Structures are given as structure tokens and as C-alpha cells.
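Participant: Sequence lines, in order, name chains A and B. Residue numbers are given in this note's numbering: position 114 of the first sequence equals residue 114, and the series is strictly consecutive. With the second sequence counted from 1, adding 244 to any position gets you this note's numbering.
Honestly, the hints are just simulated from the structure, not real lab data. Since the model is a prediction, treat every value here as computed from it, not as a measurement. The beta carbon of each residue, even a glycine, is placed where N, CA and C say it ideally should be. There are no misleading hints in this set.
Keeping only pairs whose Cα atoms sit at most 25 angstroms apart, straight-line, the calculated BS3-like set for lysine-lysine is:
{"#": "1", "chain 1": "B", "residue 1": "K255", "chain 2": "A", "residue 2": "K162"}
{"#": "2", "chain 1": "A", "residue 1": "K98", "chain 2": "B", "residue 2": "K255"}
{"#": "3", "chain 1": "A", "residue 1": "K78", "chain 2": "A", "residue 2": "K240"}
{"#": "4", "chain 1": "B", "residue 1": "K384", "chain 2": "B", "residue 2": "K418"}
{"#": "5", "chain 1": "A", "residue 1": "K21", "chain 2": "A", "residue 2": "K240"}
{"#": "6", "chain 1": "B", "residue 1": "K255", "chain 2": "A", "residue 2": "K138"}
{"#": "7", "chain 1": "B", "residue 1": "K414", "chain 2": "B", "residue 2": "K385"}
Which chain A residues stay away from chain B? Per the calculated CB distances, all over 10 angstroms, these:
{"#": "8", "residue": "V40"}
{"#": "9", "residue": "P61"}
{"#": "10", "residue": "E141"}
{"#": "11", "residue": "G166"}
{"#": "12", "residue": "D195"}
Computed footprint of chain B on chain A, listed as stretches where at least three residues anywhere in the stretch have a Cβ under 8 angstroms from a Cβ of chain B:
{"#": "13", "stretch": "71-85"}
{"#": "14", "stretch": "103-113"}
{"#": "15", "stretch": "119-132"}
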Amino acid sequence: MNTQTTEASAQSFSQPMAGTKPLVVMEGVTKRYRQGDVMVEALRGVNLTLAEGEFSALVGPSGSGKTTLLNMIGALDKPTSGRVSLNGTDLTQLSGAKLSAFRLHQVGFVFQAYNLVPVLTALENVAFVMVLQGRPPKEIEQRAMHYLERVELADLAHRRPKAMSGGQQQRVAVARALAAEPRLVLADEPTANLDTHTAFDLLDLMHELNREEKMTFLFSTHDQRVLERASRVISLHDGKIEEG
Amino acid sequence: MNTPDGKTPWKSLVRISWRSLWRNRRRTYITLSGISLGFALTVFFIGIGDGGHNNMIRNAVNMGDGHLTIQREGYLDAPMNHLFIAQGKQLEQQLLQAGIPGRVAPRIQLQVLASTSGNSIGAALTGIQPETDPKTNQLKKGLVTGEWLTTGDPQGVVVGARMAEKLKVKTGSKIVLMAGSEGGGTNTHLVRVRGVFRTGIEEYDSFVMISSLDMAQAFLVDEGANPAGRPVTRVAVFLDDESAMGLWKARLKALSLPAGLVVLDWQEMMPQLVSFVAFDNIGNYISLVFIFTMVAFGILNTIMMGVLERTREFGLLRALGMSPWALFTLVVMETFWLSLTALAIGWVLGGGLHAYFALWGLDMSAMYPGGMATSGTVMDSVIYSELSGARVGMLTGLILGITLLSGLYPAYRALRVTPLQALQT
Chain A
1 MNTQTTEASA
11 QSFSQPMAGT
21 KPLVVMEGVT
31 KRYRQGDVMV
41 EALRGVNLTL
51 AEGEFSALVG
61 PSGSGKTTLL
71 NMIGALDKPT
81 SGRVSLNGTD
91 LTQLSGAKLS
101 AFRLHQVGFV
111 FQAYNLVPVL
121 TALENVAFVM
131 VLQGRPPKEI
141 EQRAMHYLER
151 VELADLAHRR
161 PKAMSGGQQQ
171 RVAVARALAA
181 EPRLVLADEP
191 TANLDTHTAF
201 DLLDLMHELN
211 REEKMTFLFS
221 THDQRVLERA
231 SRVISLHDGK
241 IEEG
Chain B
245 MNTPDGKTPW
255 KSLVRISWRS
265 LWRNRRRTYI
275 TLSGISLGFA
285 LTVFFIGIGD
295 GGHNNMIRNA
305 VNMGDGHLTI
315 QREGYLDAPM
325 NHLFIAQGKQ
335 LEQQLLQAGI
345 PGRVAPRIQL
355 QVLASTSGNS
365 IGAALTGIQP
375 ETDPKTNQLK
385 KGLVTGEWLT
395 TGDPQGVVVG
405 ARMAEKLKVK
415 TGSKIVLMAG
425 SEGGGTNTHL
435 VRVRGVFRTG
445 IEEYDSFVMI
455 SSLDMAQAFL
465 VDEGANPAGR
475 PVTRVAVFLD
485 DESAMGLWKA
495 RLKALSLPAG
505 LVVLDWQEMM
515 PQLVSFVAFD
525 NIGNYISLVF
535 IFTMVAFGIL
545 NTIMMGVLER
555 TREFGLLRAL
565 GMSPWALFTL
575 VVMETFWLSL
585 TALAIGWVLG
595 GGLHAYFALW
605 GLDMSAMYPG
615 GMATSGTVMD
625 SVIYSELSGA
635 RVGMLTGLIL
645 GITLLSGLYP
655 AYRALRVTPL
665 QALQT
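Construct the complete structure from the given sequences, taking the supplied hints into account.
Facilitator: In C-alpha cells form, the structure reads like this:
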């Protein structure tokens with residue numbers, strides 16, 4: 001098992017901390033794909049366990065396989081070999097439609113950019129996944145407003161994304177991810193397009209929500225400045241989780 | 245079209261699709277303008293085309309033998325003078341009692357040879373009730389010399405202007421009419437010209453000679469008919485509502501008419517006019533195909549651009565859990581809104597054009613001063629736009645159908661968007 005520690009965690013594991021229930025388990029995961037004439041091996045036998053309630057950072061240089069790994073965990077992509085399970089469900093055994101359903105209920109996403117549906121207001125964006133989940137309208141409205149308040153954007157509820165800053169848009173995306181009550185929130189370089197101050201604010205917010213809502217977070221970054229916010233850091237190089 | 249939970253987020257789809265349509269306003273406005281103007285022009289052309297056709301048909305029906313005609317079987321193919329209806333009065337009464345909303349006109353149609361000292365030509369002698377027959381309305385206004393016929397005039401005829409020229413006759417001139425009889429002999433009667441008419445229709449002006457029923461009946465009596473039975477060769481039925489023709493044709497057929505009689509509608513009586521309208525409609529439909537093809541490509545372009553520009557957004561929607569079919573529906577909905585908006589604008593513009601030309605008409609007298617004669621009828625020089633409910637439905641359905649079809653390919657492209665590929669773009 002490959003691990004790396006931070007000062008915050010003072011430990012270096014590809015295993016979760018002892019005593020916690022595993023939420024994500026990756027076993028011998030490889031991912032190969034063709035890029036032009038070249039066969040790229042994005043992941044090379046990754047073994048990783050994430051526990052419920054973790055606030056983990058996935059670090060590594062560009063091209064190290066961070067996004068590919070997140071896609072595997074988020075049921076957006078399937079491994080070439082190996083097994084990925086989330087909350088006890090083997091994702092490699094699910095078809096396209098079941099994967100969609102699984103994503104809808106189990107995973108929340110915060111992407112690097114283009115996170116929001118441009119024609120929907122902040123409130124409608126937060127409500128969107130809950131609408132897909134088929135929740136009652138009243139509950140959707142209450143939860144959407146609640147999470148907008150949690151990210152301190154209630155006063156911008158009726159603004160569309162283009163009328164909001166990048167940081168505000170990312171906070172709306174976080175609110176959307178949390179409002180749908182997923183087991184896991186995956187954030188692919190959520191701070192990449194933000195200035196340092198805004199990036200720290202967003203990470204603080206995510207960490208706060210992680211503590212208060214007991215939500216599991218895994219976010220990728222190659223920005224060393226934000227690592228100190230993470231309770232666990234998983235380092236990826238050339239498709240492999242490095243030994244600590 | 246469902247979410248993975250089996251619920252379709254219709255409200256969200258409606259909201260996103262409608263708003264997405266206005267994301268690139270300029271492109272949408274340009275597309276809407278193209279579709280709306282194309283549609284408005286289509287409404288205008290179809291309205292004028294239908295108005296012209298209906299005008300020709302009405303004129304043909306009024307100058308011809310009505311919406312429905314009752315005559316002897318085989319008379320249409322071989323109009324022999326001996327194929328008359330012996331009990332004309334009885335048939336007329338039977339039809340009047342049937343409660344037909346319109347008019348019933350007994351007529352005698354005969355093939356004769358008209359001779360004067362100047363010439364001899366074949367003519368179609370038509371015996372009518374001069375005061376009441378609908379044909380009177382059309383022909384009397386075309387009188388260029390003399391006067392119209394009176395009931396019971398035993399010798400009077402009015403003739404077409406070209407016929408008058410050929411026979412070298414004028415008002416008051418005498419003409420000898422000769423008709424072949426069933427036995428091979430001939431029957432002759434002397435008539436006198438009371439007036440000359442001009443319709444602008446070659447077939448009428450050259451060959452038609454109008455007389456009273458009494459005058460024409462003399463030939464049928466020669467063929468053995470009993471004058472007491474008021475023999476005729478046909479009875480024409482003019483309906484107040486032409487759309488009821490099919491209904492009344494069926495009803496008249498159901499009557500216990502004398503044996504050997506058939507009920508024909510104007511389309512069976514004037515197949516050449518039916519062919520002309522059909523041929524003219526083909527021209528209109530070809531124009532429609534051009535306009536609708538442009539419309540289809542306009543929509544395809546707008547929606548396709550919208551889809552290609554939003555590949556990443558569609559990937560986001562799929563990543564968040566939206567099903568491929570919901571995405572497909574979303575794009576089809578955008579097409580639907582686009583076509584519905586274009587239809588609304590198109591109907592306002594096209595409906596306005598139609599209303600104007602239905603009221604004031606399109607004056608084509610510069611091109612056709614006396615109207616345009618064709619296929620045995622005439623189209624007035626002022627054409628009034630006409631659109632039936634069926635036409636409105638057809639045009640609306642066509643544009644909706646075409647636009648929705650145009651949106652299917654972009655929707656299919658959206659359907660195939662995978663979240664992973666889209667998010668990597």
C-alpha cells in the first residue's frame with residue numbers, strides 16, 4: 001500500500017485511518033487508453049481505500065493520473081483492469097444507466113470550471129440534482145436555499161452564473177454537490193482557476209462542511225499551497241500512488 | 245426520457261430548453277426571422293393559390309352544371325341527344341323535397357349544328373330556366389349586345405361572341421339548328437338571336453348557345469319525349485355550402501331515383517379542371533418544398549451549433565445524473581420552442597397577409613384584364629386569399645413536423661455525449 005503524510009495528518013497511508021469504515025476501495029486498478037498512435041497507461045495498479053468522513057487531497061503533477069482516478073471513483077469511467085467499489089457497490093459491474101443512477105445518488109461533483117448550468121440561477125443549479133433525484137419540490141427548495149446559505153450565497157440565489165465570480169460559482173457547485181446528500185464529493189482541481197485567497201476560502205468552506213455534515217471529500221490539486229488544508233494527502237506519480 | 249429513478253424532470257427540461265434558445269439571441273433571431281418569413285410567404289402563396297383555385301371552381305360550377313349533376317348513365321362519355329330524362333319535372337320535385345340547401349336547375353344539353361347563310365358550326369345548345377338558373381348570373385353580365393332570354397321564349401337564343409362572329413349573326417338574326425336523332429334522321433328548328441355574350445372563356449364564347457327550356461325541349465320531343473313530363477337531359481344541384489358536396493352526393497344516391505340515372509359531382513363532370521388544379525398545386529408544393537427545406541436547414545444549423553457549443557455542458561448534465569434520453573428530449577424541446585415561436589410569428593405575419601388579401605384581394609387585372617381563362621373556366625382578375633381549416637392544420641403540422649425532424653439529428657448527437665468525453669473537451 002502506498003501512502004504519504006502531511007503535517008496535518010502526521011501519517012502517510014493509502015489506507016484510511018484505523019477505526020473508520022471504508023467508503024471507496026480500489027484494488028489493482030489500471031487504465032490504458034489510446035491517444036493517437038500512443039498507448040497511454042494512466043493508472044498502473046492503484047490500490048486505495050478512502051474512509052467515510054475523510055477530507056483528502058489527491059496531489060501530483062499534470063498528467064499523473066489524478067483526473068483519471070477521480071473519474072474511476074466517480075463512476076464516470078471504467079478501469080481497464082482491477083476493481084473499484086463505492087459504498088460496497090462494485091462499479092465495474094454496473095452498466096451505463098446504472099452508473100448514471102449511481103452517480104446521481106452517491107457522488108457529488110465539483111469540477112475545475114464550467115461547473116454550473118449557465119441558463120439556471122444559483123438556486124436552480126443547486127436544486128438541479130435533487131430534481132433529477134425526484135425529490136418533492138418543497139424539500140428541494142428548502143434544501144437548495146439552506147445550502148446556499150451555508151455557502152453564504154443566499155443573496156445571489158437568483159443570479160445566473162455569468163453574473164457571479166469564479167469563486168462564487170465554485171461555492172454554488174459545492175452547495176449543489178452537498179444538497180443532493182451524496183456519500184462522496186469529488187472535486188477535480190476546484191481551486192485551479194481561483195486566486196489564492198479565494199482558493200483558501202473555498203477549501204475552508206469544504207473542510208467546514210466536511211466536519212459539520214460528515215461528508216467525505218476527495219479533491220485533486222497540484223497546488224502545494226492548499227495541501228495544508230487536507231487531513232490526508234494521496235500522492236500520485238505516473239499512474240501510481242507513491243510510497244511515503 | 246427518465247432520470248435513473250424513473251422520473252422525468254419535465255419542468256427543468258422546459259426551463260433549460262427555453263432559456264437555452266435565447267442564449268445566442270442574435271442567432272435565434274436570425275433563424276426565427278428566416279423561418280417566420282418563409283412560413284408567412286408560404287401562407288400567402290397557399291392562400292392566394294387556394295383562393296384562385298376556388299374562384300375557378302366556383303365559376304366553373306356556376307357556369308357549368310353545379311356541384312352535383314343527375315343525368316342518364318353514360319351521358320357523360322357519349323352525350324347523345326336521345327339520352328334524356330323523360331320525367332324531368334318529377335325528378336326536380338323529388339330533389340326539391342329532399343331539402344337540399346341550395347338550388348335545383350333542370351337543364352337540356354344538346355349537340356347541334358348551327359347554320360346560317362354565312363357558316364355552319366357545331367354548337368352546344370343549353371336549355372335553361374332563364375330567370376332562375378345560376379348560369380344566368382354568370383352569362384347575363386357578359387351580354388355585349390341584345391337582351392337576356394325570357395321564360396317560355398320558343399325561339400330565342402343568346403350566343404357567344406365568337407360563335408356570333410363565325411356564324412356572322414347579330415341580335416335578331418336567324419339560325420337553323422339541326423340535331424341528329426337516334427334513328428339516324430335529323431331534327432331542325434329555327435331560332436332567333438336575342439343577344440350576344442362574352443365570357444372570355446374560349447369554350448363558352450365559341451360553342452355555347454343558351455335557350456329557354458321550352459325551346460330546347462322541342463328537340464327532345466322530336467326524339468319521342470312527352471312534353472308533359474318536362475323532359476330534360478340533366479338536373480344540376482347548386483349547394484349553398486360546397487363543403488357539403490360529399491354528404492349530399494351520398495344522400496342523393498340514397499334517394500330512389502328513376503332507374504338509369506347517376507349522381508356525379510363537379511370533379512367527375514370536369515376532370516380537366518381537376519387535373520389543372522392538381523397540376524397547379526404541384527407547382528405550389530414544389531415552392532413549399534424549397535421554402536421548407538430552407539427552414540429545415542436553418543433550424544438544423546441553429547440547433548446543431550447550439551449542441552456543438554454545449555458539449556461540455558451536456559457532459560456536465562450527464563455527469564450530474566441526467567439520462568441520455570432526458571438530454572435528447574432537452575434538445576428536441578429546444579427545437580420545439582424554436583418552431584413554435586417561429587410559427588406564432590409566421591402566423592401573425594402570414595395571417596395578416598391572408599386577412600388583407602382575403603378582404604381586398606390581389607388585383608391581377610394588369611396581367612389578366614378580363615380574368616384568366618383555362619380548363620373551361622375563368623379565374624377572376626382579382627383573387628381573394630382563402631385558407632381552409634384543413635390548410636391551416638396542414639401548414640402548421642408541416643412546419644412543426646419539419647422543424648422537429650430537423651432537431652432529431654442534433655438531439656441524437658446530444659444523446660451520444662458521454663460525460664467523460666464531454667468534460668475532457
